[in-house]
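A.B. asks: Here the structure of chain R is known, so what remains is to put chain H in place on it, guided by the hints.
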Amino acid sequence: MTEWINVVVQGVLVGGLYAMFAAGLSLIFGIMRLVNIAHGDLIVLAAYIALVTATTLGLNSIVAMVIVVPVMAALGYVLQRLLLNRTLGDDLLPPLLVTFGLSVIIRNGLLELFTADSRRLQAGAIEVATIPVIQGISIGMLPLLQFTLAVVVIAGMQFVFYRTALGRAFRATSDDPTVAQLMGLDNRHVFALGMALSLAIVAIAGVLLAVRTNFDPAIGPARLIFGFEAVIIGGLGSLWGTLCGGILLGVAQGIGAHIDPGWQMLAGHLAFLLVLAVRPEGLFPKIH
Amino acid sequence: MSEALLDVDGLDAFYGDFQALFGVSMQVEAGAIVAVIGANGAGKSTLLKSIAGLMDARPAAIRFGGVAIGGGPAYRTTARGIALVPEGRRLFPSLSVEENLLIGGQLGLPGPWTLARIYELFPMLAERRTLASTALSGGQQQMAAIGRALMSNPRLILCDEISLGLAPIVVRDIYARLPSIVNEGAAVVIVEQDIVQALTASNHVYCLQEGRVALAGVAGTLTREAISAAYFGV
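Chains as they are written, first to last, in numbering that gives the first Met the number 0: chain R, 0 to 287; chain H, 0 to 233.
Since the hints were derived computationally from the structure, they do not count as laboratory data.
Take the hints with a grain of salt, since some may be wrong.
To be verified - If you want the footprint, here are the derived chain H segments under chain R, 3+ residues with CB under 8 Å:
| hint | region |
| --- | --- |
| 1 | 67-77 |
| 2 | 82-88 |
| 3 | 96-102 |
To be verified - Simulated pairs of lysine to any residue, SDA-like, Cα-Cα distance not exceeding 25 Å:
| hint | chain 1 | residue 1 | chain 2 | residue 2 |
| --- | --- | --- | --- | --- |
| 4 | R | K285 | H | T133 |
| 5 | R | K285 | R | L273 |
| 6 | R | K285 | H | L101 |
| 7 | R | K285 | H | G30 |
| 8 | R | K285 | H | P92 |
| 9 | R | K285 | H | S95 |
| 10 | R | K285 | H | E97 |
Yeah, the Cβ is synthetic: ideal placement off N, Cα and C, and Gly gets one too.
Chain H with its partners taken away, still in its complex shape:
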């Protein structure tokens, strides 16, 4: 039996005394697009943060490429081949657009993504490479954040709420680039509140509800009723 690229097994996560995740399990195969959906506060971002090493966790609760990585440290995450596109984009404001991309690739890990390839994927960024990252529009900032993550040539890229606060046309534009990212061999986990967007873009869906996996399955096979029951808990 071949092991999944990412294997989350019985993950618990806490903010102080508050438990945010209860025994969450999830598998991501190499080259797959997996969507994690759920209402506000369901634990989606916490799950991504845990995978990125930003939360305390049992080491064996998160295995990546067969290696137990739960609990970080976060600065090793990139070297292991995981990149996070954080919620709210969080570009570095005192760095230019190009510097933001360069710092994403500063470990110099080998792979298909270079500065030139990022500019090919998002030509808008090439025109604005010398601007401060704060001078970009929301959509462009999102592209820069995705580009910054790709620059580390990850095997797994985690996208937290990339559609948040963006115009629908911009969201469609960004999602249209997902296949070219996956074609280069990276698996993608997307966290979304927009269910339709998530279902169309992904092969596999996990629905979280109050810190537990309420539903999991292949994207096309889940019925609307099952999803809304898992989403709202009714």
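Next up, chain R with everything else stripped away, as it sits in the complex:
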């Protein structure tokens, strides 16, 4: 029995990470109807930037976030202003193709720079620290930190979106970009701020991923799929739904892996398909 409780608890904690993959993705789609195919590779890019920062400056990986987050946010702003804004329009296809190209470029660029060797970020003593809950169940400090950060990120996004002038600008631009301009909002700038926020979340997720597991330049697309699945399970446009979607995906993968290690991915995809079949609009769709 405790064995299964353990599986579920670990699944929930991993789910926080998946929710963070998803949050940045759905933020961008919500604001500018852009499906960012390069999202997973940007997560991996953030992991490598963290690796370089941590090794050259001799920082703890978690502390390196202080540098990786602003770097990725700045990259997001510039990327949107110089490239992605030019692809936006009535047609959904150009941004899809351009971010697909971006994904290939990032992956191969990383391969060229860092080889295909698998890497790992060191986080020091926190990696092995655990909190015993009851006999047979203990929670790792690192997964707990990941999950807590995910909740903080989602709550922070919720706050920004519904309580601040920036969030108001995001929602107005998403509703009606033409009229938003007449309120003095420069769409190009608003979209760039949205991408900056998205990549700031990507940076946190990338560092946490890299501390948790081995990574190499090719693992981006799978993270993109996890992100997509968490968004769809939770329901588009709902931030807390995205967290639930991530948790459900994490638990399903955990249960699958426990039955047979080869079933981890399969179980996640099956849970996703099941939700899609029963509730195509997701578990917590945003009602307009």
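C.D. replies: Relative to chain R, chain H alone:
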């Protein structure tokens, strides 16, 4: 000679290959109410959109306060002191009534209009400030759209078809507030299909016909015959 607040001079406007305006000229003095009338497709909305910077235009074709502003960009329009109440109201559906007003005033330009003053002008909105803008009736939405435009403390406010789809009593109610808007110093341009409403409310009238100014003059001096000739082109 003092320059008019808004000086449109020989404005052409295009939708792709289709020309919607042909050399339109119009002047609006500070504090005036100017009506633009004309049949469907005469170019009234295009004229307002051009002034708001949403259409391509020769910069010098539109001068506001002496500055050439033709061709936008639209996101500078508010900062320059022009506010548009768009046709169909176009409130932001995912924002509450109050957020719609706040986003209108988000540039923080100085002037007489504040959230409190808007609620004074339209008390109905104060009662419904926390509702989604989609929960308002048509008339209330129109009031919110006008309030949103006023929140930027414009020197010129452009109203596109504010009576469209509203009950006559509601239209009268909204037009009754126009003087209090003008008293605060803003000039108003109203685009209307309802000629009687337009003539009663305004000092100056421009009648457009197929993208050209067919008639212009002081509201009281134009005869019915002249107006219907300009309106229908017969």
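A.B. asks: Indicate, hint by hint, whether the structure satisfies it.
C.D. replies: Hints, verified against the model:
no.: 1; hint: 67-77; result: holds (count 6)
no.: 2; hint: 82-88; result: holds (count 3)
no.: 3; hint: 96-102; result: holds (count 3)
no.: 4; hint: R:K285 / H:T133; result: holds (15 Å)
no.: 5; hint: R:K285 / R:L273; result: holds (20 Å)
no.: 6; hint: R:K285 / H:L101; result: holds (23 Å)
no.: 7; hint: R:K285 / H:G30; result: violated (45 Å)
no.: 8; hint: R:K285 / H:P92; result: holds (13 Å)
no.: 9; hint: R:K285 / H:S95; result: holds (16 Å)
no.: 10; hint: R:K285 / H:E97; result: holds (21 Å)
Comparing the model with each earlier hint shows a violation of hint 7 alone; every other hint is respected.
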